[in-house]
Each structure stands twice: as C-alpha cells, then as structure tokens.
Amino acid sequence: MSAQTPIQVHPVGGKMPHSLQYRFRKTAKAILNYTVMTLLACFFAFPLVFMMVSATKTNETQITSDVGGLRAFVPYPLRFVPPVDRLDDAPAEIRNAYTGLGPQNFFDVFRRMPFGRFLWNSILVTTTTVGLGLLVNSIAAYPLARLKWKGRNVVLAAIVALIIIPFEAVAIPLMLLTTRLPRPGGGIGWHDTYIVQIIPFVADAFSIYLFYQFFIGIPKDLDEAAIMDGASRLRIYWNIIVPNSRPVFATVAILKFLWVWGSYLWPLLVIRLPEYRPLTVAMQEFFGQYPRLWGDTLAFATMTTLPVLILFLAFQRWFIRSVAATGIKG
Amino acid sequence: MAWLMIAPAAVGLIIFLIIPFLMAFQLSLTDTRLLSPNPPQFVGLENYHRLLRVSVILMEPLRDPVTGEVQRDEEGRILYPRPRTILRSDARYEGMGELAQFHLFGRRYLVAAGDPTFWRGLANNFYFALVVVPLQSAFALLLAILVNQRIRGVNLFRTFYFMPVVVPMVVVAVVWFFLYNPGVGTINAFLKAISFGRLGPFEWLADPKLAFPSIMLLSIWQGVGFQMVIFLAGLQEIPGELYEAAEADGCNEVQKFFFVTLPQLRNTTIFVVVATTILAFQLFTQVQVMTGGGPGEATMTTILHAVREGRYQLRAGYASAITVVFFLIVLAVSIIQRSVMREERAIE
Numbered sequence: 001m002s003a004q005t006p007i008q009v010h011p012v013g014g015k016m017p018h019s020l021q022y023r024f025r026k027t028a029k030a031i032l033n034y035t036v037m038t039l040l041a042c043f044f045a046f047p048l049v050f051m052m053v054s055a056t057k058t059n060e061t062q063i064t065s066d067v068g069g070l071r072a073f074v075p076y077p078l079r080f081v082p083p084v085d086r087l088d089d090a091p092a093e094i095r096n097a098y099t100g101l102g103p104q105n106f107f108d109v110f111r112r113m114p115f116g117r118f119l120w121n122s123i124l125v126t127t128t129t130v131g132l133g134l135l136v137n138s139i140a141a142y143p144l145a146r147l148k149w150k151g152r153n154v155v156l157a158a159i160v161a162l163i164i165i166p167f168e169a170v171a172i173p174l175m176l177l178t179t180r181l182p183r184p185g186g187g188i189g190w191h192d193t194y195i196v197q198i199i200p201f202v203a204d205a206f207s208i209y210l211f212y213q214f215f216i217g218i219p220k221d222l223d224e225a226a227i228m229d230g231a232s233r234l235r236i237y238w239n240i241i242v243p244n245s246r247p248v249f250a251t252v253a254i255l256k257f258l259w260v261w262g263s264y265l266w267p268l269l270v271i272r273l274p275e276y277r278p279l280t281v282a283m284q285e286f287f288g289q290y291p292r293l294w295g296d297t298l299a300f301a302t303m304t305t306l307p308v309l310i311l312f313l314a315f316q317r318w319f320i321r322s323v324a325a326t327g328i329k330g
Numbered sequence: 001m002a003w004l005m006i007a008p009a010a011v012g013l014i015i016f017l018i019i020p021f022l023m024a025f026q027l028s029l030t031d032t033r034l035l036s037p038n039p040p041q042f043v044g045l046e047n048y049h050r051l052l053r054v055s056v057i058l059m060e061p062l063r064d065p066v067t068g069e070v071q072r073d074e075e076g077r078i079l080y081p082r083p084r085t086i087l088r089s090d091a092r093y094e095g096m097g098e099l100a101q102f103h104l105f106g107r108r109y110l111v112a113a114g115d116p117t118f119w120r121g122l123a124n125n126f127y128f129a130l131v132v133v134p135l136q137s138a139f140a141l142l143l144a145i146l147v148n149q150r151i152r153g154v155n156l157f158r159t160f161y162f163m164p165v166v167v168p169m170v171v172v173a174v175v176w177f178f179l180y181n182p183g184v185g186t187i188n189a190f191l192k193a194i195s196f197g198r199l200g201p202f203e204w205l206a207d208p209k210l211a212f213p214s215i216m217l218l219s220i221w222q223g224v225g226f227q228m229v230i231f232l233a234g235l236q237e238i239p240g241e242l243y244e245a246a247e248a249d250g251c252n253e254v255q256k257f258f259f260v261t262l263p264q265l266r267n268t269t270i271f272v273v274v275a276t277t278i279l280a281f282q283l284f285t286q287v288q289v290m291t292g293g294g295p296g297e298a299t300m301t302t303i304l305h306a307v308r309e310g311r312y313q314l315r316a317g318y319a320s321a322i323t324v325v326f327f328l329i330v331l332a333v334s335i336i337q338r339s340v341m342r343e344e345r346a347i348e
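So the sequence lines, in the order shown, correspond to chains A and B.
Reminder that position 317 of the first sequence reads as 317 in my numbering, one-by-one numbering, no gaps.
Reminder that position 266 of the second sequence reads as 266 in my numbering, one-by-one numbering, no gaps.
Derived by calculation from the structure, the hints in this document are not laboratory data.
C-beta atoms are modelled at their ideal positions from N, C-alpha and C, and glycine is treated no differently.
Hints are not guaranteed to be accurate.
Just so you have them, the derived chain B footprint on chain A, three or more residues with Cβ under 8 Å [stated by the list, open to error]:
no. : stretch
1   : 88-97
2   : 305-317
DSSO-like mimics (lysine-lysine), calculated; alpha carbons at most 27 Å apart, straight line [claimed, not checked]:
no. : chain 1 : residue 1 : chain 2 : residue 2
3   : B       : 192       : A       : 26
4   : B       : 209       : A       : 29
5   : A       : 220       : A       : 148
Construct the entire structure; sequences and hints are all you get.
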C-alpha cells in the first residue's frame, strides 16, 4: 500500500464502528482489561498494605490472628490508641483494653533500638554516596564525551568492561582490603566507619557510562562558543554541561540512591557496631530478635520503606525514566 | 586536563574495583584468613581442588560376613553401607562429603564432593535462573503491554506495578516471611479460599521442596517492575507505521504481537534476559534473611556460601576461590546467552 492510495481500514471482523455489537464487544473488552489490571495491582500492593496496616494495629494478638484472612488488610477497630509503655509485656486484659490503631509499634521500635541512629546512618551514607558519585562520575565522563585526547578510547573501553564485574565478585577481597587501609584519625582498618560504606561506591563505571552517553548528545557548538570566550574546561563543564544534563543527573542519582539505600551485603560484611549500622542490617537484626513481635517488626519495615516510597510517589516519572535508561545500552 | 578530570573516578575504580578483582585471584591461591596473626601461605590450587573436586564411587552392597551373601531389608531392597562409612574407609576420599546418590544399570553410585554445599548452591542458582528468568521476563512483557495501552488511569496501574522495585530487599524478605507463615498465614488462607479448602496449609519456607519456589515468587514480585519499565521503553520506540502496515495486511492482535512487537523488542529482550540471569546468580539477601540457606541446604546459593566462608568462617582465601568461580560462571553464561540470541538475529 502506498501513501497515494489511502485505504479505509475497518475494525477487525469488518463490523461498522458504531454497530451495537461492536460497542458491546468494546465494553466487554474494557471491563476484562480493567479487571486483569486491577487484580495485578492487588498482587503488587497486598504485601505493602499488609505491612502498613499491621504496623498500626496496637494489639499483637490481633495481628497474628488476623493474618489468616482478609482482616490482615483492614485497619480496625477504628479507635485511636495513644502509645503506652511496655504494652507487649502487659497482661492480656490490659492489652485487649488497648486494642485499636495507633503508633504503639513505632513507639516500641524506638524504645527497643536506637532507630533514629540507624535512620541517620542510612540517610548520611546514601546522600553522601549519591552526591559525591554525581560529581566524580560526571566530571570523569566529560573528557570522555567531549574532548579529544590520546588514550580516550582505551579508557572508555576499560570503563565499559568494568560494568560487567558484579559487586558480589569483589565483595570478599574488598572486605579484606578495607581492613588493611589506614583509618582516618589513626589505626588500621576501615571496618565500622561511615567511609567504608561511602568511598568504595563513589566511583562507578555504570554511572560514568550513563553520563558519557548523555554528554555526547549535547550540541558541540555550545562549548565551542565558550572556548572562544576563553572559558576553562572545568568552567564549561560547570556552566554548560551540568545545566543541560538534568535528566541524566536525576537518573544516576535515583539508581544509586535505590542501590545504596537497599544495600545489605556490604554493611553486613564490614559493620559490626550499631553506631554505624544502616537500616537494612538493623532491620534484619531486629527481625532476628526473640520473641519476634510482628507489629514492631512491620513498623520497622514500614519506616525503612516510607522514605523511598514517598520519594518514588513524588518523583515517579523520574524514577521510571531512570530505570528505562538502564535498558537503552542493550 | 582530561586526565585530571578522570583521576578521582579512576583512582576509585582502581582501588575499589580493579584491585579487589585481581586480589580475588591472588587470594584464592592462598590460605588467607580474616583476623589471623599468622602470615598467609601460598597453597597453589588447593582451594580450587577442594571446591571443584567431585568423585563418583560405585557402592558395594553390604555382605554377610560369614556367607558372603548380599544383605537385604524386609522388603527385599539391597542394603548399602552408609556414605560416611565409605568415604572414611578410603584415604583418597578424605575431606569429601556426600552430594548425591543415583542408580544406573542396577548399580548404585555415590557422588562425593570436596565441598557439597558449593555444588548445591550452584545448582540452586541454575534452578533459580531457569525458572525465574523466563517467567519474570514474560510477566514483565505482559505488564509492559498492559501499561502501554492508551486508556484512562493507566499511569496509576504503572505506579502500582513498579512500586515493589523501590522497596529494599530486606524489607521484602521480612514482610513475605510473615505472609508465608505456616498454618495460619495470609498466603495459606488465600490458597484455601480459592481452592475451597482443598489446598494447604503448606509449610512454605520450612518445606525443602517449597522453600526455594517461595523465594522465587517474592523475587519476581520485587523485580518484575524494573523489567516492565525497560520493556515499556522498548515498546514505545516501535514505530506506529509497522502496526498500521500489519493491520492493512489483515493481522489480528496476536499476529501483530508475534510479527511486529516481539521482533522489534529483540535487543530489549536480550538485555532483560542477560541482566535478570546475572541477578539470579547474585541471589543473597532473600535467602540470608528468610531461610539462612535452609531447610537443610534447600535454599543455599553460591554467594551465601561465599559469605559464610569468608565472613563467618573467616576463610578469606577459600571464599575468594568461590567468588572467582562465581565470576567466571556469570561471565560464561552471559556470553553464551548473548551469542545465542545474537545468532538468531544473524540468521534472519
């Protein structure tokens, strides 16, 4: 079919667009479509709903008996109960008297563990790693993408090759290496510090590659004009490249943020003291304590998830765009 | 100037990626221990020998010491000595443990390995990859097609499907641990309700057959949104004219999927499959939190084994040998996958 001879295309089956049968089929299809999509949404939401609903139920006995049915997803009884000290240790009559919804489990988490400290550790490590990573990797990508120099292709090929080394393949030797590095402030070994959670993950081959790919797409005449004006390379990077590259900065920041916030294997290997423990490892420790209280554990889980979940809901389009960017190299 | 700008990143990558990567090879040839006062010794390939050593041993039936007759149990089955007895009786099998037993041509064989845990972990990684990679990729494509429709409210659904991706894996593992509660548990209750009481209750994480599939399910739940978005990006790059042309040729929806969508998504699919496979081999957090590799070694994985050896048994040299083998396997699998899938394209 060529463009000169337009052919009227009828819907499949040759029915007229506005016939009753066509409209009926269209409606049935839409209902089926929405039903399937809603069921799938329930599949993805139910564990998180269970987590948050259980975390707000004050009575531990109620939580563990509710799990055998739909009540696990219903916040009830609808009665606000202010937090009480040591409710889980109280006799059953007292616990039943305090059955309802409230911050009891969150309160208990703070009482049983220095949760605030863990939260601060995670926030500090994540923001520092992301911030330094953006700076270091984008500066490294600039000469790779925009300057001509000897050895450029070799360095670029080396960086692409490094992407395939999974972190798990270097975790054990890296642990050994960091126990031998001089400790800032005296001594040997980086274990139980913030820097051991930050410095090894600042430089990152995949981030450099993402920056590189974006930078080669920025029109060349922008920096050529700046060179005529006598601007230095660093100034061009800062005044021209950075302001024109917001999407890739967001992409790298989000991917790295998700990775560092959720990282578990590495802090498990190098952090023993609670002072430097991030939320993920603290969460698993809390989960391993007996008696295992569902309400408290799920309150901990909720507080570990909420910061990322809120950021995701606020910047959804950026999150989805960032993930899409990881596939483009394929 | 170029070198100066690259320097910070280059130094970081060299110290924290390239050196540890090379150290793994070097350490794997030593008996280095964490926190050991003794200097490490070069041991050659001893770590690899222990790690990869496998023997197949023909099992001799137990015989009556007087008559020399083959002993049988009440049901007439031939009795064999215990594997441990066989392995202890011969110096050649020193340090080896039972991995499996099998029958062939009426004879029974014992498979012994220098490190049976490693082989079980590796087998589990392949099992995980073989189940999860096709399921998760197909599921991700289905979700991507659903959220690529131009209908009202589609963004809301996309948000829901993607949400688990941002939840830290430790949290996912803990929440699903509760959902899998044996006896009275949400998942047991759900199965009971949809099967009118015929299914369950299951022991999930405590059942050696169900523990690993249970972990697969939550891994798919957490990870599929990521691949969905990658497929979605691929779908949106397919030119609309291709679908118009297919419609003009009288293709229905199914034909359009197979003749337009799938071939156009080839590169995306290769990326998704290879990336998901690598993730399958990295499996660690879920098993560490939920089962610790158990029951028995039903959910053991290569990385869990390496961490146990390196961090808890303090055998850094041996753990490095495991990570070297792990890296070579991941590299080989992804090269094979890529070349197989590229070849298909070359034939077209």
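Each hint, compared with the structure:
no. : hint          : result
1   : 88-97         : violated (count 0)
2   : 305-317       : holds (count 7)
3   : B:192 / A:26  : violated, 35 Å
4   : B:209 / A:29  : violated, 39 Å
5   : A:220 / A:148 : holds, 13 Å
Hints 1, 3 and 4 from the earlier list are contradicted by this structure; the remaining hints agree with it.
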